[in-house]
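So the protein lines, in turn, are chains A and B. Converting from the first sequence to the working numbering requires adding 928 to each position, the first position being numbered 1. Converting from the second sequence to the working numbering requires adding 10 to each position, the first position being numbered 1.
The hints are simulated quantities; they were obtained by calculation from the structure and are not laboratory data. Among the hints, erroneous ones may be present.
As the list claims (entries may be wrong) - To be clear about the criterion: a stretch of chain B counts as covered by chain A if any three or more of its residues have a C-beta under 8 Å from a C-beta of chain A, and this derived list gives those stretches: (1) 41-50; (2) 78-90.
Unchecked claim - So, partial list: chain A residues that the calculated Cβ filter (under 10 Å) puts toward chain B: (3) Leu951; (4) Gly966; (5) Ala1055; (6) Asn1105.
Remember, predicted model here, so these are calculated numbers, not experimental data. For every residue, glycine included, the Cβ atom is placed at its ideal position computed from N, Cα and C.
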Amino acid sequence: MSFLRRNRVFLTSAFGLALAAILVVQTGHTPARSDRLGRFFLEVMAPLQRSVAAVERMVSGSWHGVADLLSARGENVALRARVRLLEQELDRLAEVGLENGRLRALLDFRETLQGDLLTARVVGRDASDVSRTLTIDRGESDGVTRGAAVLAPQGVVGQVFLVSRHAARVLLVSDHNSGIDAFVQRTRARGIVQGTVDAGCALKYVKRTEDVQVGDTLVTSGLDGIFPKGMPIGRVTAIDKRGQGLFQSADVAPRVDFDQLEEVLVTRGTVVPIEREAEAK
Amino acid sequence: MRSFVALAVAAIGAMLLQTTVFHALPLVPIVPDVMLVLAVYLGIRHQTASGAVGAFVLGYFVDTFSGTLLGLNAFALTAVYLGVQGVARHLWLERGLPLMVVVFCAALGREVAAVALLATVAGRAPVWHHVLRYGLAGAFAASLVAPAVFAVVTWERRQLGLP
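Construct the entire structure; sequences and hints are all you get.
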């Protein structure tokens, strides 16, 4: 009994370490998760993240207005107030204009796809530098499910792997756990686009005999049943044919700038490009 | 109960900083790991079984917002807690340079623990070059913010009437 009391910190920590290792092994086989505590944490944090993200947008939008106001000390009070109001309005309009542009691009992109798509806002980024994930403000109550594809007008963003009632987390294509079946658009050579720890991507498992060149665009094959066929993923930046294996690999620069991403589209059910539909008919 | 509330509020604040605020700051190239500093705080100030549980829950909380593997950060932060509380029993680490040094070492230890677990238990590809590239910078960033985090948590506990 005294042994337990004397070593309770060590024993509790050892139990925690063992439990964590078991959790890692259990969740290591699939990127999809359904732990209740995780869903609870996500649900609690989502409104807070949404609020902080809104404040962040507001602050960045009015920052230039504040800087200009500080430089206008010499002018009279009425004029300064007037200038401040006008500049705030201008900044607000500029922000609205930029947002309009992004949403219009999203809408145009949405019209090229046949199926049920949902617009979502990015409200959080990954808490560490090792992984590449996003948090979006849509969850089960909006019809988002695990495994749903997440797209942007520029191309593929990633895949939903954890959903709570009002939020979800997205595994980006650049995460080292991600893998997407892809074609080289020019030659239809097939391979797998995987994320790397350096926030880039790599094209792997392409036969050595296939024609792949720097500058080639990679698109989704649609064979995984998750992403619509023909969605751009990225561009080949370097090719590696070293070694004697059957395959060659290539470095890929993702089409989407994940750091600048503010709105995305989430698929609900099967989505196909409209041009393909028309061809089929 | 009040200790739990203090830790929960600090953890939520730290997570908001790590997932939204730090990412929006243009002059912050590396996101400081505030959750790690909280685990170090527990190791220095709470050398009890509940401190170990707190470190595990902190890690689990991080797992919800980082990567896909559940338990990776829970393992790493519990390991950090265990190491720090062992050192803190013999050395004074409450503030200043000793605190920054222990946080720097804890950050490196955390990366090593996570990579070791990935490589051995989960059978994933090792990410050693990531540790070399980001680990040192991340550890430096965490050690820089550690005194401020300790001051904020101490202030928060005082507001809640805790020693």
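Proposed interface contact between A/Ala1055 and chain B, which counts if any beta carbon pair is under 10 Å: The hint holds - A/Ala1055 has a Cβ within 10 Å of chain B, the shortest such distance being about 4 Å.
Interface hint status, A/Asn1105 versus chain B (Cβ within 10 Å): holds, 5 Å
Three-residue Cβ test at 8 Å for the coverage of the region 41-50 of chain B by chain A: holds (count 3)
Given coverage of the region 78-90 of chain B by chain A, checked by CB-CB distance under 8 Å (3 or more): holds (count 10)
Restraint satisfaction for A/Leu951 [CB to CB of chain B, less than 10 Å]: At 3 Å from the nearest chain B Cβ, A/Leu951 passes the 10 Å test, so the hint holds.
Per-residue hint verdict: A/Gly966, partner chain B, C-beta under 10 Å: holds, 4 Å
In this structure, none of the earlier numbered hints is contradicted; all agree with it.
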